[in-house]
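**Student:** Residue numbers (the numbering used here): 1046 to 1224.
No lab work stands behind these hints: they were computed from the structure. Bear in mind the structure is a predicted one, so any value in this text is a computation, not a measurement.
DEER-style ranges, computed between Cβ atoms:
#, residue 1, residue 2, range
1, Ser1139, Glu1055, 37 to 47 angstroms
2, Asp1193, Asp1066, 37 to 47 angstroms
3, Val1083, Glu1107, 19 to 29 angstroms
4, Thr1097, Pro1195, 45 to 55 angstroms
5, Ile1127, Val1161, 16 to 26 angstroms
6, Gln1194, Pro1148, 22 to 32 angstroms
7, Gly1134, Thr1097, 26 to 36 angstroms
8, Lys1213, Thr1059, 27 to 37 angstroms
9, Gln1220, Arg1076, 41 to 51 angstroms
10, Val1161, Pro1099, 38 to 48 angstroms
11, Pro1152, Ser1068, 18 to 28 angstroms
12, Ala1072, Gln1194, 41 to 51 angstroms
13, Glu1056, Lys1173, 46 to 56 angstroms
14, Asn1064, Lys1147, 35 to 45 angstroms
Don't be surprised by glycine CBs; every beta carbon is placed ideally from N, CA and C.
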Amino acid sequence: TAISISARAEEPITLDLTNADVSAVIALYGRLTGYHIVKPNIVVGTMTVNSTGPVAKAKAIEIIEAAFFANNYPLVQERPDIVRILGIGEFVSSVAVPTITKPEEIPAKERVMRYVYKLKFREPDDVKDVLSEHVTPNNTMAPVITVDQPTRAVIITDRTTSLRNLVKLLDELDQAARK
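Please work from the sequences and hints to get the whole structure.
**Tutor:** In structure tokens, the structure reads:
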């Protein structure tokens, strides 16, 4: 495994981590992002993270984050400066997942988030059924969709990339009946 990191942040980074120890990838991620990393002892093994050539620091971080999810290590932003990496078999429900209520609050970075959408027109259970048809459980985690009938809210816990698509669908579904 090899990685080329320049001393200056604006210089491109080449990721060439083949069968790298997960702990080494986590340490690199922490250095690149400046985040404090929390991980359980069950985050072990190897993973491969490669770029096709030199990439900007932000792109290298994005590639590493995608690799964590692809290797069953979801990321949860516990605080602005703290990221928790979940281990295999560790459930999202066992940690404090950030909750948001506006589409613009969905971070650009790949994270596990909880999104609360208060419906105006449709019935929560009907919307949940439709949303359930549009989610695909993956190796990392199964998306969780619940409803809170008293507040007419649909609550989705999923990766940010999936949340963006589901929020668009929610906006389309929650329309007044046409007359």
